[in-house]
Amino acid sequence: MSSTHPLKDQLALLIGIALETVAPDAPVSLEIERPKNPDHGDFSSNAAMQLARPLKRNPRELAQLILTGLPKSPLIARAEIAGAGFINFHLTPAAWHGLVPQIRAAGAAFGRGDAGAGHKVLVEFVSANPTGPLHVGHGRQAALGDAICNLYAAQGWNVYREFYYNDAGVQIATLANSVQARAKGFKPGDAGWPEAAYNGDYIADIAADFLAKQTVKSDDREFTASGNVDDPDSIRQFAVAYLRHEQDLDLKAFAVRFDHYYLESSLYTSGRVEATVKRLIEAGKTYEQDGALWLRTTDYGDDKDRVMKKSDGTYTYFVPDVAYHIAKWERGYERAINIQGTDHHGTIARVRAGLQAAGESLRSSGAPTGGDNSASALADSGLPTFGVPLAGAANVGIPEGYPDYLLHTMVRVMRGGEEVKISKRAGSYVTLRDLIEWTSKDAVRFFLLSRKADTEYIFDVDLAVARNTDNPVYYVQYAHARICRVFEEWGGQPAALDGVDLAPLTAPHELALMQRLAEYPETVATASKDLAPHLLVHYLGMLAGDFHAWYNAEKFLVDDAATKLARLALADATRIAIVNGLALLGVSAPEKM
RNA sequence: CUGCCCGUAGCUCAACUGGAUAGAGCACCAGCCUUCUAAGCUGGGGGUUACAGGUUCGAUUCCUGUCGGGCAGGCCA
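Position 28 of the first sequence, counting from 1, maps to 49 under this note's numbering, and the rest follow consecutively.
Straight-line alpha carbon distances no greater than 30 Å define the calculated DSSO-like cross-link-like pairs of lysine-lysine that follow:
#	residue 1	residue 2
1	445	273
2	462	141
3	445	205
4	141	473
5	299	330
6	57	77
7	57	93
8	550	141
9	442	273
10	273	234
11	238	205
12	234	445
13	238	273
Since the hints were made in silico from the structure, they are not lab data.
Start from the sequences, fold in the hints, and give me the full structure.
Printed below as a string of structure tokens:
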């Protein structure tokens, strides 16, 4: 039973008591559903249908037995059997009213859970190499990554945000060459302009600042240019620091921050790459062919073996990737979530195969595998079956599914009825900063999170700036602003609503709103478990819709004091859910619009 | 050719992970301001869940196949 729905949980308890007498030994997974058809009550249970087969009895008869054994409760107005053997529960208004003080007392904590129990999770996202401005795809990743971090933190996980990049590879060499050519006065298209080069205007900006011997400071580095166009090392380091700083500005405009920037080059300097290769060889999972060293990834489900070490002695990209993920595990992150574009899906099998193969070396050499005991302790806590990392020791026990990947598809941008493909600054793509400047941080975040990660998304710039109901982010924020306006007009303090009698809340819109509010914690829990922030976006849209409908049907500040106070209390609970939900998405909740 | 992902209203997406009559928003049509923000609300039409089988009390959901779309498949990252 993983529900976090306050009323479902209470019903499940009652049904559990009834089942004790009906079928003490038959294991039933108690799923309480919310029927689509209101005639079927507020909640329904299919427990009788589940029991019918093992007990070899008629489900409707079993349902009757469960009903008979059901303890009396003030929550239940009536319970009845329907269909093939559903038990439908109609709740009392008081059952719903009970939620409002709960929500108001929880405040910012409403919707938080403790499923993570303080365990460590590392979320890696954006991870753009510093070769140019961040594009809209990085924006989708930043929005997804940050929202998932927030969701996990809200479920009690100890969350670490990491940005992984390479400051020394082929792409960086191309960057340095491009800046050097610019600094020497060449332009794209000139004779003497490098064949492989970045052509965006930002290259000229970097070159100008390099010649001016500027100092640039990013979140993870600082460098002063030598100004010497024949000093490739200085050019490279300056360009990297400059673009990292540019990315910092983009991310700040997007309100995304990282705990750490991890350099691919550090995996070489620390010896982790060499150690990983050694481990894979010891595991007996490698072989030499055509002068190269191969890894038998096919032993772990890959469709062909992969080259680790090229005949020129250098490593292919996935070797440092494996080393990096061993390091994540050894740093104590029993869960790792990587957010990347779908074009990277080929790396998943390789990295996981590498991690499993590396584990073999310790297993086969008889190294201690002390993870077992602690792993079962973890299993008892109800978490997925992760082993426990041993600080600085074996990686034996890295689960097969480590790390988790969330892959997202491309974003296309529409403006004025046409697709926008080119940004002047970047040269070849639309940048995240373009999008934020054309619209707003809130709109970009909300829009990019509004679809499942693996469906292609078309970002409509005109819609994102629209100030009407067509624009989903305004629709939600507007609901919040309306509530704030009502409280301003009322003039009292929310605290004055503590303990008010909620019995006047009987209108259909009020009931519907309370039912929706009850679903909030469950929505947050599912969105985090499934790495699916779009579920929360949709929920907030429906919550706002329920509120707007109520607002239009009933006036809050009526003469009857009891009705007024009860409605204000419900409006306050709604406000809390909207604020909390938007905060998880990284979207603000303005009090005036 | 092979692997992974996807296919739901004209469009963009849901469907509580196997539940009852598949739901919203756009768009279209018809209504609602002497009122706390009409930046809003109410009602209406619109579906063989790509197709064909299978599993069972029950399938948009799970399995197999076909068709269509995306991505990947290099000693590239």
